[in-house]
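Work out the full structure, taking the sequences as your base and the hints as a guide.
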Amino acid sequence: MDPVFPRTEQLILCEDRTTGLRAVIAIDDTTLGPGLGGVRLKAYPSDAAAVVEARRLAAAMTLKNAAAELPYGGGKSVIIDHGPIEDRRALMQAFGRFVGRTAGAYLPGVDMGTSTADLAEIGRVAPDVACDQEDPSGWTALGVWAGLRATVQHLDGRDDLDGLTVAIQGVGHVGGDLARRVAHEGARVLVADVDEQRAADVAAEIGGDVVPADRIALAECDVFAPCAAARVIDAETLPRLRCRAIVGAANDVLADAALAAELARRDIAYAPDFLVNAGGVVHIHALRAGWTSSRLEAEVLAIGDRTGRVLGDARRARRTPLEQAVEIARERIAAARTRPAAVAA
Numbered sequence: 001m002d003p004v005f006p007r008t009e010q011l012i013l014c015e016d017r018t019t020g021l022r023a024v025i026a027i028d029d030t031t032l033g034p035g036l037g038g039v040r041l042k043a044y045p046s047d048a049a050a051v052v053e054a055r056r057l058a059a060a061m062t063l064k065n066a067a068a069e070l071p072y073g074g075g076k077s078v079i080i081d082h083g084p085i086e087d088r089r090a091l092m093q094a095f096g097r098f099v100g101r102t103a104g105a106y107l108p109g110v111d112m113g114t115s116t117a118d119l120a121e122i123g124r125v126a127p128d129v130a131c132d133q134e135d136p137s138g139w140t141a142l143g144v145w146a147g148l149r150a151t152v153q154h155l156d157g158r159d160d161l162d163g164l165t166v167a168i169q170g171v172g173h174v175g176g177d178l179a180r181r182v183a184h185e186g187a188r189v190l191v192a193d194v195d196e197q198r199a200a201d202v203a204a205e206i207g208g209d210v211v212p213a214d215r216i217a218l219a220e221c222d223v224f225a226p227c228a229a230a231r232v233i234d235a236e237t238l239p240r241l242r243c244r245a246i247v248g249a250a251n252d253v254l255a256d257a258a259l260a261a262e263l264a265r266r267d268i269a270y271a272p273d274f275l276v277n278a279g280g281v282v283h284i285h286a287l288r289a290g291w292t293s294s295r296l297e298a299e300v301l302a303i304g305d306r307t308g309r310v311l312g313d314a315r316r317a318r319r320t321p322l323e324q325a326v327e328i329a330r331e332r333i334a335a336a337r338t339r340p341a342a343v344a345a
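Position 204 of the sequence shown, counted from 1, bears residue number 204 in our numbering, the numbering being contiguous throughout.
Okay, the calculated beta carbon distance ranges per label pair:
1. L155 - G104: 40 to 48 Å
2. D128 - R337: 17 to 25 Å
3. L218 - D162: 20 to 28 Å
4. R295 - P127: 25 to 33 Å
5. D159 - A257: 29 to 37 Å
6. E236 - E327: 24 to 32 Å
7. A48 - A289: 31 to 39 Å
It should be emphasised that the hints constitute simulated quantities derived from the structure, not laboratory data.
Glycine included, each C-beta is placed from N, C-alpha and C at the ideal position.
Structure representation (structure tokens):
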């Protein structure tokens, strides 16, 4: 395990025999606020693998929320998919009861394999949930698009994507939206998805090309945008990459944080995933804080400005963008820890 933060505040193993629920809730850090992070429904080779993923993703959420200057800590949960679900509503409500036991320390949202309807069921019994009414995927895609454009500007000094090749791994809600945005700007788009029909449909819609799902990471392109599974860049794939930049919506893109240095050595610009895929959590906060739609859009587009600063500062400091972004997040958390607590009157 290679967590950026080497500990987890709370780790809760959940089992409900009536519904067949088996799940993990990981709350990484609540210094800035409740641990905000999605509920993932996914099959795992073992319970241990589910625990590892929950902890890694919770740590990434801590960084994401801190770097985005939001009043939340980091959390994540995984519901282990071990076959057909007899009663999905009952299962989600059973999970919601475990969320309730965190007493507000964990704020769940939509993630891979879950929907706003699922969150609504969790919210029937949990004290507070996010994403129970609106899917934040479009805002996540907008933030990734802004980060991608900032990365291209950092590399080439240009403010457009015309003529560039962008390879997108995973064209579901977020990846599909991103594909449409970059195609609209004149980029050539390569798409891949484990759902071959979905990849074909998106390619036909935008005039893109389909690449086999197991080859997209190695496609020759300007920007590789991982928008599906975690840890797609590992020691085996990295030497075979043929891109100039990596900017995507997937969480936990690097199998090992040390790979960021090797990417830099190969002159591949890596925009840290937790920096560019924060549009969804910004949207969640906007709904809770009552922001106007214009303010929400401006705050999500600011992800591009933040990405550009991190890339530029990292270059000047001769460090990796990942190191630069992690330091920003850690400094914000450290400042909150040392801030004097308010004294009741």
